[in-house]
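Read off the chains here:
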Amino acid sequence: MTLTELANPTRFLSLATRILPWLAIVTGVLLAIGLYQSAMAPDDYQQGATVKIMFIHVPNAWLSMFVWGVMSVASLGTLVWRHPLADVAAKAAAPIGAAFTFLALVTGSLWGRPMWGTYWEWDARLTSVLILFLMYLGLIALWRAVEDPSRAARAAAVLTLVGAINIPIIKFSVDWWNTLHQPASVMKMGGSSLDKSFLIPLLVMAVAFSLLFITLHLAAMRNEILRRRLRTLQMLQASKPVALP
Amino acid sequence: MALGPYASFIVTSYALVAAVVLILIVWIAIDHRRVRARLHELESSGVARRSGRGATDLT
Numbered sequence: 000m001t002l003t004e005l006a007n008p009t010r011f012l013s014l015a016t017r018i019l020p021w022l023a024i025v026t027g028v029l030l031a032i033g034l035y036q037s038a039m040a041p042d043d044y045q046q047g048a049t050v051k052i053m054f055i056h057v058p059n060a061w062l063s064m065f066v067w068g069v070m071s072v073a074s075l076g077t078l079v080w081r082h083p084l085a086d087v088a089a090k091a092a093a094p095i096g097a098a099f100t101f102l103a104l105v106t107g108s109l110w111g112r113p114m115w116g117t118y119w120e121w122d123a124r125l126t127s128v129l130i131l132f133l134m135y136l137g138l139i140a141l142w143r144a145v146e147d148p149s150r151a152a153r154a155a156a157v158l159t160l161v162g163a164i165n166i167p168i169i170k171f172s173v174d175w176w177n178t179l180h181q182p183a184s185v186m187k188m189g190g191s192s193l194d195k196s197f198l199i200p201l202l203v204m205a206v207a208f209s210l211l212f213i214t215l216h217l218a219a220m221r222n223e224i225l226r227r228r229l230r231t232l233q234m235l236q237a238s239k240p241v242a243l244p
Numbered sequence: 000m001a002l003g004p005y006a007s008f009i010v011t012s013y014a015l016v017a018a019v020v021l022i023l024i025v026w027i028a029i030d031h032r033r034v035r036a037r038l039h040e041l042e043s044s045g046v047a048r049r050s051g052r053g054a055t056d057l058t
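The listed protein sequences derive, respectively, from chains G and Y.
Under numbering that gives the first Met the number 0, the first residue of the first sequence is numbered 0, with each subsequent residue one higher.
Under numbering that gives the first Met the number 0, the first residue of the second sequence is numbered 0, with each subsequent residue one higher.
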């Protein structure tokens with residue numbers, strides 16, 4: 000099935016409905032494996048057992064940026080190719096991305112208190128992620144504030160693409176500025192500096208959370224398509240002539 | 000599995016992630032039911048799409 004064929008919302012609904020149960024099962028199994036491996040992982044020689052927070056903090060932090068990336072591609076689809084599902088994809092992803100960003104901030108904070116001695120520090124990484132969270136909330140508010148979906152879609156697409164500037168800032172903030180947040184240790188030149196006993200559970204959790212996002216996103220997109228059909232039917236109902244007595 | 004002196008931070012982190020993920024799942028599921036119910040309600044009152052197909056038809 001090509002991307003052009005998927006542009007048909009009915010075909011997308013059919014595909015999503017067929018694959019969602021399977022995706023949910025695979026996600027659940029992988030999450031269970033990841034949680035088991037996280038529980039069984041040894042303590043770190045410096046962090047002790049708090050290293051376990053990393054197994055949920057890092058996947059959420061990755062996804063907070065990845066989801067904005069997905070929304071940026073979808074925004075290009077809205078503005079350049081006018082793909083019928085592009086706006087649906089972006090709108091459905093925003094609350095999920097906001098949730099992942101919120102979790103990245105809070106779990107990071109809960110790790111920071113025992114390790115850094117503070118819940119929060121206005122350093123470049125933490126501040127840029129907080130800005131990302133506020134941008135997600137701004138986008139959700141924008142979609143809710145503008146009643147016409149096509150006008151809201153264009154405004155949101157422009158805002159998303161402008162906001163995409165923040166993604167490389169988040170990624171490279173630890174290299175560009177002197178921050179309390181440690182530099183990249185998984186994806187870096189010369190390979191990961193993590194021991195296998197930490198790397199494997201972390202990667203399993205990252206894949207599991209990515210599948211969780213795909214599952215939730217497909218389900219939310221399906222809801223959004225149905226909501227637009229509902230809006231169309233409501234407008235048809237409102238435009239029906241009323242029989243006078 | 001001993002979590003050491005910072006057990007409360009670890010348990011709170013996992014509990015919070017579980018709660019937020021659960022809220023997302025439940026919210027999406029409730030939204031799906033609500034929209035489908037409203038669509039069926041409208042269709043059964045005689046409002047139909049221009050194509051004539053049901054709003055939740057997958058073919």
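Calculated directly from the structure, the hints in this document are not laboratory data.
Be careful, since some hints might not be right.
Covered by chain G, according to a simulated footprint, are these stretches of chain Y (three or more residues, beta-carbon under 8 Å) [unchecked claim]: (1) 1-9; (2) 12-21; (3) 27-39.
Each pair of labels, with its calculated beta carbon distance range [claimed, not checked]: (4) Leu15/Y x Val25/G: 22 to 30 Å; (5) Leu15/Y x Pro83/G: 21 to 29 Å; (6) Val10/Y x Met234/G: 19 to 27 Å; (7) Ser149/G x Arg48/Y: 15 to 23 Å; (8) Val10/Y x Tyr44/G: 18 to 26 Å; (9) Trp26/Y x Ala154/G: 36 to 44 Å.
We put the CB at the ideal spot given by N, CA and C, even for glycine.
Results of checking the hints against the structure:
no. : hint                           : in the structure
1   : 1-9                            : holds (count 8)
2   : 12-21                          : holds (count 6)
3   : 27-39                          : holds (count 8)
4   : Leu15/Y x Val25/G: 22 to 30 Å  : holds, 24 Å
5   : Leu15/Y x Pro83/G: 21 to 29 Å  : violated, 37 Å
6   : Val10/Y x Met234/G: 19 to 27 Å : violated, 50 Å
7   : Ser149/G x Arg48/Y: 15 to 23 Å : holds, 19 Å
8   : Val10/Y x Tyr44/G: 18 to 26 Å  : holds, 22 Å
9   : Trp26/Y x Ala154/G: 36 to 44 Å : violated, 24 Å
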